[in-house]
Amino acid sequence: DDYSPEAPPGLPLPSADTPLTRILVGSCLDEEKGDSESLRSVAAMTADLFLMIGDNVYGDSDGSAPRMGDADLPELRESFSDLAARPDFQAVRKAHPMMVAWDDHDYALSDGGKHFAFRRESERIHERFWGLANQDVGAWPGTYYARAFGPEGERTQIIMLDTRFFRSDLTDTDDASVKGKERYMPSSDPNQDMLGNDQWTWLQNELQKPADLRLIVSSVQVMPNAHGWESWSRLPAERERLYDLIKDTGADGVVFVSGDRHAAFLYRADDVLPYPAYEITASSFNASHRDSTDEMDVDQIGPGYSKENFGSLDINWPEGTVTLSIHASDGATVEEATDKFR
Numbered sequence: 001d002d003y004s005p006e007a008p009p010g011l012p013l014p015s016a017d018t019p020l021t022r023i024l025v026g027s028c029l030d031e032e033k034g035d036s037e038s039l040r041s042v043a044a045m046t047a048d049l050f051l052m053i054g055d056n057v058y059g060d061s062d063g064s065a066p067r068m069g070d071a072d073l074p075e076l077r078e079s080f081s082d083l084a085a086r087p088d089f090q091a092v093r094k095a096h097p098m099m100v101a102w103d104d105h106d107y108a109l110s111d112g113g114k115h116f117a118f119r120r121e122s123e124r125i126h127e128r129f130w131g132l133a134n135q136d137v138g139a140w141p142g143t144y145y146a147r148a149f150g151p152e153g154e155r156t157q158i159i160m161l162d163t164r165f166f167r168s169d170l171t172d173t174d175d176a177s178v179k180g181k182e183r184y185m186p187s188s189d190p191n192q193d194m195l196g197n198d199q200w201t202w203l204q205n206e207l208q209k210p211a212d213l214r215l216i217v218s219s220v221q222v223m224p225n226a227h228g229w230e231s232w233s234r235l236p237a238e239r240e241r242l243y244d245l246i247k248d249t250g251a252d253g254v255v256f257v258s259g260d261r262h263a264a265f266l267y268r269a270d271d272v273l274p275y276p277a278y279e280i281t282a283s284s285f286n287a288s289h290r291d292s293t294d295e296m297d298v299d300q301i302g303p304g305y306s307k308e309n310f311g312s313l314d315i316n317w318p319e320g321t322v323t324l325s326i327h328a329s330d331g332a333t334v335e336e337a338t339d340k341f342r
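Be aware that the sequence shown starts at 1, since it is given in the numbering used here, and climbs by one per residue.
FYI, nobody ran anything at the bench for these hints, they're computed from the structure.
One or more hints might be untrue.
[Unchecked claim] Here are the computed distance ranges between Cβ atoms for each label pair:
no.: 1; residue 1: 120; residue 2: 17; range: 17 to 25 Å
no.: 2; residue 1: 205; residue 2: 291; range: 20 to 28 Å
no.: 3; residue 1: 70; residue 2: 271; range: 45 to 53 Å
no.: 4; residue 1: 33; residue 2: 3; range: 21 to 29 Å
no.: 5; residue 1: 139; residue 2: 177; range: 44 to 52 Å
Note that beta-carbon positions come from the ideal geometry of N, C-alpha and C, so glycine has one too.
Produce the entire structure from the sequences given, and follow the hints as far as they go.
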């Protein structure tokens with residue numbers, strides 16, 4: 001087999017009976033750029049777990065030049081090799097146990113879905129790099145997996161979705177100048193799919209397992225409606241299916257975690273689940289596109305933050321709360337919201 005890079009040795013996940021009190025999250029790391037202050041801050045923080053939630057490398061391009069036409073995915077392999085060599089990433093690997101999800105750029109096709117010709121090879125490279133090939137996730141198509149930590153009454157379930165491998169095509173915009181239609185419109189296709197049948201069945205089973213707090217990690221945003229970029233809002237029937245599944249399984253304590261947007265946001269919606277639904281979007285580690293954002297969604301809490309950033313979730317078990325925080329690259333808190341999950 002061709003060369004498959006591997007991540008530097010990492011820490012084992014917390015034991016199944018260890019309650020979590022702080023989880024760090026982030027996305028969008030351009031491995032070709034210099035040292036990331038955000039990653040350095042993540043490495044320096046105390047935490048039980050660190051989630052890298054997509055675009056962990058930019059394996060579909062070399063600089064600004066697209067590189068997506070080779071079945072061996074040499075650019076993706078090189079990108080992961082570059083990531084492994086970064087001192088800031090090595091510091092994070094030494095500091096925190098990690099769970100990972102992929103998004104389009106570490107899938108190796110920008111905005112890619114199930115029709116990506118080399119998706120199986122991409123999955124193999126991903127799972128080898130992150131040490132997942134010999135775990136349960138390595139046994140099935142796609143990169144979704146879940147883990148639970150803590151005893152009854154203090155149990156956190158982490159559900160890492162795969163929003164790439166099975167996703168149907170999105171509907172191109174008919175007017176990119178219209179806010180909310182910048183690239184895609186909501187699909188009216190009755191056969192639209194985000195997760196694929198097997199992953200939907202798996203998710204139903206996971207949501208029926210006992211947990212007090214559940215993080216559903218989706219590389220693309222779940223709740224927002226105000227923009228026309230990739231998100232669950234572009235597959236509205238699938239998002240409704242997700243909300244209905246959470247209701248039908250009686251899954252309490254769901255918080256959505258997402259990345260992708262090159263900006264960070266917090267959201268609260270009171271009308272999608274039987275209890276207030278929260279989402280934290282943390283992006284990017286070192287690939288900021290602008291200094292400020294005026295994006296505002298009806299469910300958004302405060303302004304977005306478009307400079308380099310990461311997020312944290314601080315769990316207070318006696319109070320039954322989780323505080324969602326956006327941090328500037330130096331670790332300073334720039335926005336936060338507290339969800340009472342029980």
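Here is what the structure says about each hint:
no., hint, in the structure
1, 120 / 17: 17 to 25 Å, "36 Å, violated"
2, 205 / 291: 20 to 28 Å, "44 Å, violated"
3, 70 / 271: 45 to 53 Å, "46 Å, holds"
4, 33 / 3: 21 to 29 Å, "23 Å, holds"
5, 139 / 177: 44 to 52 Å, "46 Å, holds"
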